[in-house]
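Number of protein chains: 2
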Amino acid sequence: MKKLIIASTSTLHGGSYLDYILPVLENHFKDCETILFIPYARPGGISHDEYTQKVAETFTKINKKVVGLHQFDNAAKAVEQAEGIFTGGGNTFLLVTQLYENNVMDVLRNTIENGTPYLGSSAGSNITGISMQTTNDMPIIYPPSFKTLGVIPFNLNPHYLDPDLQSKHMGETRETRIKEFHAFNDIPVLGLREGSWLEVNGEKITLKGDLTARWFTADNIPVELETGTVF
Amino acid sequence: MKKLIIASTSTLHGGSYLDYILPVLENHFKDCETILFIPYARPGGISHDEYTQKVAETFTKINKKVVGLHQFDNAAKAVEQAEGIFTGGGNTFLLVTQLYENNVMDVLRNTIENGTPYLGSSAGSNITGISMQTTNDMPIIYPPSFKTLGVIPFNLNPHYLDPDLQSKHMGETRETRIKEFHAFNDIPVLGLREGSWLEVNGEKITLKGDLTARWFTADNIPVELETGTVF
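Top line first, the protein sequences correspond to chains A and B. Numbering-wise, the working numbering comes out as the position in the first sequence, counting from 1, plus 1. Numbering-wise, the working numbering comes out as the position in the second sequence, counting from 1, plus 1.
One chain only, chain A, in its complex shape (with noise of 0.2 Å):
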């Protein structure tokens, strides 16, 4: 039975690093000693050695041992053996590209498929929808698909920024933008705001935290999901 926590970000602003999530995560990976985590992303370009090291501490916390994905040889077998995985954000076009060269993608979508706990943050969430096409990030590399693990049947869109009414900004919103998604693609798109996460058991996905997310389908009007939400 899958059993998935989807995050829209790893940090809160003034919280430390999944603190926030901390709990959740506790008896999400309760039967897991050692974490398997795939630091693929790079956020601001930091080093898979670097990012292994600050998930490590964090999870020192819930007494979970951490290794990273790149300190493996045969990558698709580290991830098949897994007792539990975490993905970390950072950018997506770079993680999905990753995923495809050192052949997991398929493999990770198996091992989430028979049961292996999984935790995705950012773009370790987006990686979870049908398709990367709705995220926030630079195409700083050019991945082979934009496919992605289609565990949930939907796209996400991570750390949902609601128009800012104050601002004389004429860039696109993040709703313009999913709007153009749209114009093209059928897929659903939540718009998961930062301190909202999904819970996914099996089939089962309920939306969690305090707030409320964004739901937007083609061709019809977006609507604000309670928590508590079952898809």
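One or more hints might be untrue.
If chains are identical, the list can't say which one is meant, so a pair holds when it fits in one copy or spans any two.
To be verified - Derived DSS-like pairs: lysine-lysine, alpha-carbon spacing no greater than 25 Å straight-line: (1) 209 to 31; (2) 3 to 148; (3) 169 to 209; (4) 55 to 169; (5) 55 to 180; (6) 180 to 3; (7) 78 to 4; (8) 3 to 78; (9) 31 to 55.
Read the hints as simulated data drawn from the structure, not as lab findings.
For this one, chain A is given, so just place chain B on it according to the hints.
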């Protein structure tokens, strides 16, 4: 001799379409009766016809006719024979995909190199750089390549936004995203704020408008360039 106006945005806050730059365009296109408009980027998903109509209404103010590239059976030939060319903003992934699919990318590059006056705004400016990899847009469609015209020897980030120090949002700032680009690419990036534009005359590139622009190179601290700077 190359002759380009490369604008960060079509519209300033509180202004109307292209109004802030219309006197410049009147001179830029002084030898053209008709402007060929490339509507491929479709902001907000509007149709090619609607977009071309909007641009045509604006250009009547400086007595120019406008025809849409989508109206021609042979797009490459239409580009080659144009008196002047304008590529409007919208989604850069869509624009680049369409330029490749309609076999326009190479002929557009050659036409600009041969001296046909070109105007770009936003996505239409992005494509004048070496690659589209510093766009802000969502990857709503998978282009055959991220390589663009390369008629200027660096990349652009249009609608450049300074970090909002009051914001509690934890998504990456524009500067962080460009830093991630430079972890994998050596191409310099010019952050062009709304209201700034580049004027290209042959190999001379000049920063115009009232604002400074931000210049990012790999492994260096970004610098502010004064208006009037010649690259």
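Comparing the hints with the structure gives:
{"no.": "1", "hint": "209 to 31", "verdict": "within (19 Å within a copy, 59 Å between copies)"}
{"no.": "2", "hint": "3 to 148", "verdict": "within (20 Å within a copy, 39 Å between copies)"}
{"no.": "3", "hint": "169 to 209", "verdict": "between (33 Å within a copy, 20 Å between copies)"}
{"no.": "4", "hint": "55 to 169", "verdict": "between (37 Å within a copy, 22 Å between copies)"}
{"no.": "5", "hint": "55 to 180", "verdict": "between (36 Å within a copy, 20 Å between copies)"}
{"no.": "6", "hint": "180 to 3", "verdict": "neither (30 Å within a copy, 36 Å between copies)"}
{"no.": "7", "hint": "78 to 4", "verdict": "within (20 Å within a copy, 55 Å between copies)"}
{"no.": "8", "hint": "3 to 78", "verdict": "within (19 Å within a copy, 54 Å between copies)"}
{"no.": "9", "hint": "31 to 55", "verdict": "within (21 Å within a copy, 59 Å between copies)"}
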